[in-house]
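Chemist: The lines below spell out each chain.
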Amino acid sequence: MLKISGLSKVYPTGAAALKNVSFSVGEPKVVTIIGPSGAGKSTLIRCINRLVEPTTGKIMLDDVDILALNRHDLREARRRMGMIFQEYNLVERLTVMENLLSGRLGYVGFWRTYGRKFPAEDVAAAFALLERVGLSGYQNTRADALSGGERQRVGISRALMQKPDLLLVDEPTASLDPKTSRQIMRILVELAHERGTPALVNLHDVGLAQSFSDRIIGLRSGEVVFDGPPEQVTAQVLTKIYGEEDWSTTIRKVEGESGKPDKPHSESEESMLRESLA
Amino acid sequence: MTTTPSLSDRGNTPQWHRIRTIENPWVRRGLVAIALSYLLWSMGSIEINWGRAADGVPRAVDMIVRMLPPDFSRWGLLFRGTLESVQMALAASFFGMILAVPVGICGAGNLVPKPVYLAARGFIILSRTFHEIIVAIFFVKIFGFGPLAGVLTLLVSSTSFISKMLAEDIENMPPGQLEAIRATGASFPQLLVYCVSPQALPRYLGVSIYRLDANIRHSTVVGIVGAGGIGQVLAASFSRYDYDFALAILLTIISLVFMGEFFSNWVRNQLR
Amino acid sequence: MTPLKHAAKHPEIWRRFSPRQALLRYACYLGIVAVAVWSVSAMDITWFFLLDAHVQALDMATRMWPPEAGYSRKLLTPLIETIHIATLGTVVTVLVAFPVAFLAARNTTFNALTWFIGRFILVASRSVNTVVWGLLFVAIFGPGPMAGIWAITFRSIGFLGKLVAEAIEEIDTGVVEAIESTGASRLQVLWIGILPQVLPVIYGTTVYRWDINIRESSVLGFVGAGGIGIVLYAAINQFRWQEVSVILLAVFAVVILSEFVSAAVRRRIT
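Protein chains in written order, with numbering that gives the first Met the number 0: chain A, 0 to 277; chain B, 0 to 271; chain C, 0 to 269.
Just so you know, the hints here were simulated from the structure itself, not pulled from any lab data. Fair warning: this is a prediction, and the values are worked out from it, not measured in the lab. The reader is advised that the hints may include incorrect statements.
Unchecked claim - Some chain B residues judged to face chain A by a derived CB distance under 7 Å, without partners named: (1) ALA52; (2) GLY55; (3) GLY175; (4) GLN176; (5) GLU178; (6) ALA182; (7) THR183; (8) GLY184; (9) ALA185; (10) PRO188; (11) GLN189; (12) VAL192; (13) TYR193; (14) CYS194; (15) GLN198.
Just so it is clear, CB atoms sit at the ideal spot from N, CA and C, and this is done for glycine as well.
The following block holds chain A by itself, in its conformation from the complex:
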């Protein structure tokens, strides 16, 4: 359970990126944050694991006050939050397996990580994840030899290797083509539901956000201007978030095909996996 209250961030330049943001995320729910570029989406995600230090406010992850932690305790809190990035941010010259295992760095001591001698259950979990995201047999491939979609699947797996209580996802599809974007979002949402991990996802694509999320938060100039289920995202709401524009073509029929499975059952899982591999 993540609870944010009164969060503000003012950069040293004087630019206020976040203004008094409050919301909470709980139970296995996929919450997307939409908003125009520069609305503070990335800053918000990065404040939660303190890659960016917030100016004021309070962030509670279950009963841990994130902003009150010292360096050591912050590391422990960070390993409970898996992060997925727009540019994948894999360590390019390491193999896929090493990238996955780097998700365990917060749990394993320095010398074991230095010798790449991770506990057996971590290695087994990594192989299982590779199979789950459709990358079986890629363990010894170097990350810089992968395509964008494959990299993002490694990125998702690395975050899940942490066995996180929360996923922080920053524009996971912004560098991918539309088809791969849908595949990646599908995998992400499925895994979040399978593992019961709530996810906070930045998206700039309103269509994707509507298809794949349980709840949408609209951010404009650092302020929350909308918070509700995807069905409630109307033309007026989008105007409130992004400004005046003809939205009729953007809003999709929510009753139609929804990419989010209500409960994962193996048959559809298999077919989706096949599709995502295509």
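Put chains B and C on the given structure of chain A with help from the hints.
Modeler: Relative to chain A, chains B and C alone:
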């Protein structure tokens, strides 16, 4: 083919002119004028004994005559000096490579706090500024004549060179990868091993091997101030006007450098 | 699925390297360490000198402090001479290195022999240190800046020539073919097709070499080839340590300044 339609729109096309490095003509001419007047001044003010310089041509001829043929008869001395130079270069490269890791990491502004960064950069700038020979003189005063002073001199310059390259390499790393590993809750040493090291390693090895080849070249000169190696033999032969032996030494140095360069190119190709 | 089920189904061991690769790596490490140990132990090092090194260093430091400020006035002339030697040497280098670079580049040389000659000049020039060239030219021209200028030139030809030759080998061949197809002479091809493409490299490396040459000319005086090195060498030999520290400060200032100038110029032109 008789009609040329392009003729009609010639009036619209802009005048062609050469692309200049500096576009503003007055700035360009001004810079050229400053450069020329500086050149004239420097040529005028430098003290050159033209009579002595004119003697130079016959002297050079005389010297070349006395150099030929190169005298390899004292090959024992030659071999020992060369071996010592190679050993100095190898030792300095090896330890320089090791010392450069902490210094290079401390010199990377995106990893360490400001005071550490400034200290490391200060060391790098300071040791880069002074020529090897100046450093060698001081080490000879402190450690006495011999290869120890030479090795330490080369060690200082190797460390500062490799660490400068390493620091720049780390600073140019994509920040996202560092961010991603930090976000997993990794400690600073784990960040180094899991993110910085794999990304910076190939170039670090390449630079180190280049430095080995450079050290072979530099090891021939620190001997001139008494810091060991083939340079010491060379300086002695020059002061005794032993030009045929000097040429033999020079040829040895050239072939040694050539081999060193060949070796370093080969290893760098293997690394990639 | 629980982690336990995964564990039962998936391999629990993963190694970055196969045993063969790992063995090869360790063999490499061992080899490098062995070479380093051999080179240190086989050298004729008097370890005894290390014992009192700190005493010597401290002694020297106390003698160098404080720098004799009044002495700095006498340094202006040799400092300017140092800069002049570097500049004039660099200017002559540009004139000589350019034709040599054309010989040493595979696509502009005449035949295998001229290519080899070009390459040999470049290697020989770089193998011999500036100070060694200084020794040679002092023997020819006698002590003074003239020997220094030639020493700088002969060492810099290899540096500048190599980089320019590499730039020539990497030029866009399409432009050259286009100009050749107009029936231009070889010289015209050089002038119009190749020179403009490598000009930025020439400017950049020349300025870069100039700032290296300032550092080099600061020690040419040690072998009598002019510049501040003469003063420095004399001061060290006569144990006038307080003057030595002033000279070192002056050299430091000039080198830093020239590096700054060179970096600024290169930023502007590239």
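Chemist: What are the numbers of the hints that this structure violates, sorted from low to high?
Modeler: Of the numbered hints given earlier, those the structure breaks are 1 and 2, listed in rising order.
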